[in-house]
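Protein chains: 2
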Amino acid sequence: MNRNNINKPATITDVARHAGVSIKTVSRVVNKEPNVSQATLDKVQTAIESLNYRPNMSARGLAAQRSFLITILYDTYLAHSSYTSNVQLGVLKHCNQAGYEVLIHPIEYDKATVSKRLEQHLKRTRPDGLIITPPVADAQNVHQVLNELGTPYVCLSPGGPQADNFVSIDDEKAAQDLCEYLLALGHSQFAVIVGHPDHIAMSAREKGIKKAMRAAGLPLGKHLQKIQGKNTFHSGVEATEKLLTQGNLPTAIIACNDEMAAGAIHVLHQHNIDVPSDVSVCGFDDAPIAEHTWPQLTTIRQPVHQMAFHAAELLVEKLAGNASPKSRIEFSSELIIRASSCAPKGL
Amino acid sequence: MNRNNINKPATITDVARHAGVSIKTVSRVVNKEPNVSQATLDKVQTAIESLNYRPNMSARGLAAQRSFLITILYDTYLAHSSYTSNVQLGVLKHCNQAGYEVLIHPIEYDKATVSKRLEQHLKRTRPDGLIITPPVADAQNVHQVLNELGTPYVCLSPGGPQADNFVSIDDEKAAQDLCEYLLALGHSQFAVIVGHPDHIAMSAREKGIKKAMRAAGLPLGKHLQKIQGKNTFHSGVEATEKLLTQGNLPTAIIACNDEMAAGAIHVLHQHNIDVPSDVSVCGFDDAPIAEHTWPQLTTIRQPVHQMAFHAAELLVEKLAGNASPKSRIEFSSELIIRASSCAPKGL
DNA sequence: ATAGGAATTGACAACGCTGTCAACAAGAAA
DNA sequence: TTTCTTGTTGACAGCGTTGTCAATTCCTAT
Numbered sequence: 002m003n004r005n006n007i008n009k010p011a012t013i014t015d016v017a018r019h020a021g022v023s024i025k026t027v028s029r030v031v032n033k034e035p036n037v038s039q040a041t042l043d044k045v046q047t048a049i050e051s052l053n054y055r056p057n058m059s060a061r062g063l064a065a066q067r068s069f070l071i072t073i074l075y076d077t078y079l080a081h082s083s084y085t086s087n088v089q090l091g092v093l094k095h096c097n098q099a100g101y102e103v104l105i106h107p108i109e110y111d112k113a114t115v116s117k118r119l120e121q122h123l124k125r126t127r128p129d130g131l132i133i134t135p136p137v138a139d140a141q142n143v144h145q146v147l148n149e150l151g152t153p154y155v156c157l158s159p160g161g162p163q164a165d166n167f168v169s170i171d172d173e174k175a176a177q178d179l180c181e182y183l184l185a186l187g188h189s190q191f192a193v194i195v196g197h198p199d200h201i202a203m204s205a206r207e208k209g210i211k212k213a214m215r216a217a218g219l220p221l222g223k224h225l226q227k228i229q230g231k232n233t234f235h236s237g238v239e240a241t242e243k244l245l246t247q248g249n250l251p252t253a254i255i256a257c258n259d260e261m262a263a264g265a266i267h268v269l270h271q272h273n274i275d276v277p278s279d280v281s282v283c284g285f286d287d288a289p290i291a292e293h294t295w296p297q298l299t300t301i302r303q304p305v306h307q308m309a310f311h312a313a314e315l316l317v318e319k320l321a322g323n324a325s326p327k328s329r330i331e332f333s334s335e336l337i338i339r340a341s342s343c344a345p346k347g348l
Numbered sequence: 002m003n004r005n006n007i008n009k010p011a012t013i014t015d016v017a018r019h020a021g022v023s024i025k026t027v028s029r030v031v032n033k034e035p036n037v038s039q040a041t042l043d044k045v046q047t048a049i050e051s052l053n054y055r056p057n058m059s060a061r062g063l064a065a066q067r068s069f070l071i072t073i074l075y076d077t078y079l080a081h082s083s084y085t086s087n088v089q090l091g092v093l094k095h096c097n098q099a100g101y102e103v104l105i106h107p108i109e110y111d112k113a114t115v116s117k118r119l120e121q122h123l124k125r126t127r128p129d130g131l132i133i134t135p136p137v138a139d140a141q142n143v144h145q146v147l148n149e150l151g152t153p154y155v156c157l158s159p160g161g162p163q164a165d166n167f168v169s170i171d172d173e174k175a176a177q178d179l180c181e182y183l184l185a186l187g188h189s190q191f192a193v194i195v196g197h198p199d200h201i202a203m204s205a206r207e208k209g210i211k212k213a214m215r216a217a218g219l220p221l222g223k224h225l226q227k228i229q230g231k232n233t234f235h236s237g238v239e240a241t242e243k244l245l246t247q248g249n250l251p252t253a254i255i256a257c258n259d260e261m262a263a264g265a266i267h268v269l270h271q272h273n274i275d276v277p278s279d280v281s282v283c284g285f286d287d288a289p290i291a292e293h294t295w296p297q298l299t300t301i302r303q304p305v306h307q308m309a310f311h312a313a314e315l316l317v318e319k320l321a322g323n324a325s326p327k328s329r330i331e332f333s334s335e336l337i338i339r340a341s342s343c344a345p346k347g348l
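First to last, the protein sequences are chains Z and V.
According to my numbering, the residues represented by the first sequence are 2 to 348, in order.
According to my numbering, the residues represented by the second sequence are 2 to 348, in order.
Derived from the structure by calculation, the hints contain no laboratory data.
Check before you lean on any hint, since a few could be wrong.
Since the list gives no way to pick out one identical chain from another, each pair is judged satisfied if it fits inside one copy or across any two copies.
Below are the DSS-like pairs computed for lysine-lysine, each with C-alpha atoms no more than 30 angstroms apart in a straight line [to be verified]:
| # | residue 1 | residue 2 |
| --- | --- | --- |
| 1 | Lys112 | Lys243 |
| 2 | Lys212 | Lys25 |
| 3 | Lys9 | Lys25 |
| 4 | Lys243 | Lys117 |
| 5 | Lys346 | Lys9 |
| 6 | Lys124 | Lys44 |
| 7 | Lys25 | Lys117 |
Here the structure is a predicted model, which means the values were calculated and not measured.
Take the sequences, apply the hints, and build the full model.
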């Protein structure tokens, strides 16, 4: 192995010599520890500048028992979603400014094995903390492993009722809002394409819809068809095809995310069913695809980027030892009305 | 800072004691070094298993002067593209099995400052190698920095004529194929929505189209309108609107990627121009969006996932010191004919 | 048997940093 | 002034690995 690296990077020793202080003092400056006189601080900082010194992460990690690494853990299956890339960007934004590097670690989600895979990653890589998205975030055994190993983490999910360190929107309320909007337009025959069953947020959305319908006095049995989806465009296609074969076309379809809603529009288009005049279609998330469909999707906007940023912020605070006062945070969502919804025919 | 980590992970010393050998021998086993007897190897492996030992990356990194980290470097602007997520998955697939962790590092691409940002990352994080995508991969100064610091890397881009360590398809040839297909259908009035100008692959695609047209004896001045895009859906929308105001509607629009093609279809739809009977629209890449548009896009399929996997493979070999024989590899692409293209009207 | 060489193993010193603790300096209180 | 307190600094011992090199064992060919 030939290191053709000509200009070896400066070490802390070089800086110390250059500034005429001990390496420990340089270390203090680098780590922003208190009790360094202004004069020394200036000297050291000048030396750091002029040598263009950057601490060696491995050495730092070894000595301080930490890795300066934060892992984003998510389901391989969702790797292509705009949700995931938004999470990545939000987390990166905070982590990089806080001095952490970001590792991505998609795992093939499977209720039974997910915790084993996670444990392997933790033992091997030892990140200082993790940001976890659904459905991984919603698996009980994942939390067990994390707690046993004492690794801090924050989840992007509504979590259960007593869940801690979760960042989310109020999915139930948002879905309720969306459904109420459709009810106000005069809709009464609904179909809902629900998402991944292990995804707590997805169930919450379903609950919200039901709640709104019950509040409007509509018996669910007669007014709501439920079809299982898997969060993807393709599953939205399948679900809608199934719906069409059932023969009982609703006036409004609510898909629990935008990909599935786009799939629904696609199928309706194929069958010459007009959106929205024959059927209104609504999605959830305000992903880019919501603006790419024809007509554009009415949906719920979820500030994923901000939520991810905030989750990272929370995690970094935790790592610094500052137990944050609020450990469960809800962002607010917004109903975005576009062209895929209108009052039902004959009203 | 309280470490609530109860069961401290086993160290190499624990394994050595448990197996009754020296730590150096354990190290040999872990690193698959030669010259370890079968008996010792078994003993050590048993000990590793039973203690569930995983080497400490920081310590390994410090001692061996490497970080076991590979960075994927890309343009922030493209962070949401399916291209990027495909690259991530492809790279991860190989890296994880080769014992590397994958860091993501989007940088805001800007010709002038990109090399400074890169240098910062390299000094701070010291990844063992990088995988770089366009347009970052196509910036001259990026290569300079990398070579000065002696950090190995592989680019996913056709690169220049004498470029080394590049993995790509033959973009020019692929575009030529696509254009020839349209020519064979009878088209002669074209518009091309070109992509990011710093993107070598994009220019190659433009070249391929021109080449095919010239070969067909069509003077470019009269038969080809060129509009600038920026690789995004939105830029495809803008470009197409501009095209429409120019008043001279072609019979076929070729966008240099699928996002822009989807934008074009969107605008044509708004203007009640039928695709494909009024205008054929073709894209490039076979991104998921190509199947989500209505009608679905005729496009060129590029095996991004495989290319990324291969790029990672190449990089890892380089890191292992095996200078690979082929340092520039071309994958083959495929013309995917879908519903967005047909013979022009009146033929 | 016996020298010569190869295969196998271990002792020990890095690697670049942080934590601990002790030493010292500078004020503050007496 | 003396003593105590607080603030500032540095010496030194790790942190858990790998690289070097020497020691030992095991063959193979005389």
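Here is how each hint holds up against the structure:
When the C-alpha separation of Lys112 and Lys243 is checked against a cutoff of 30 angstroms, the pair qualifies only within one copy, where the shortest distance is 27 angstroms, while the shortest distance between copies is 51 angstroms. Taking CA atoms no more than 30 angstroms apart as the test, Lys212 paired with Lys25 passes in neither setting, with 61 angstroms inside one copy and 65 angstroms between copies. Taking the shortest alpha-carbon separations for Lys9 and Lys25, both the intra-copy value of 21 angstroms and the inter-copy value of 27 angstroms come in at or below 30 angstroms. When the C-alpha separation of Lys243 and Lys117 is checked against a cutoff of 30 angstroms, the pair qualifies neither within a copy, at 36 angstroms, nor between copies, at 54 angstroms.
Proximity of Lys346 and Lys9 under a CA criterion of 30 angstroms is satisfied in neither setting, with 73 angstroms inside one chain copy and 66 angstroms between copies. In this assembly of identical chains, the alpha carbons of Lys124 and Lys44 lie at most 30 angstroms apart only when taken from different copies (21 angstroms versus 40 angstroms within one copy). With identical chains, the CA atoms of Lys25 and Lys117 are at most 30 angstroms apart between copies only, with a shortest distance of 29 angstroms across copies and 40 angstroms within one.
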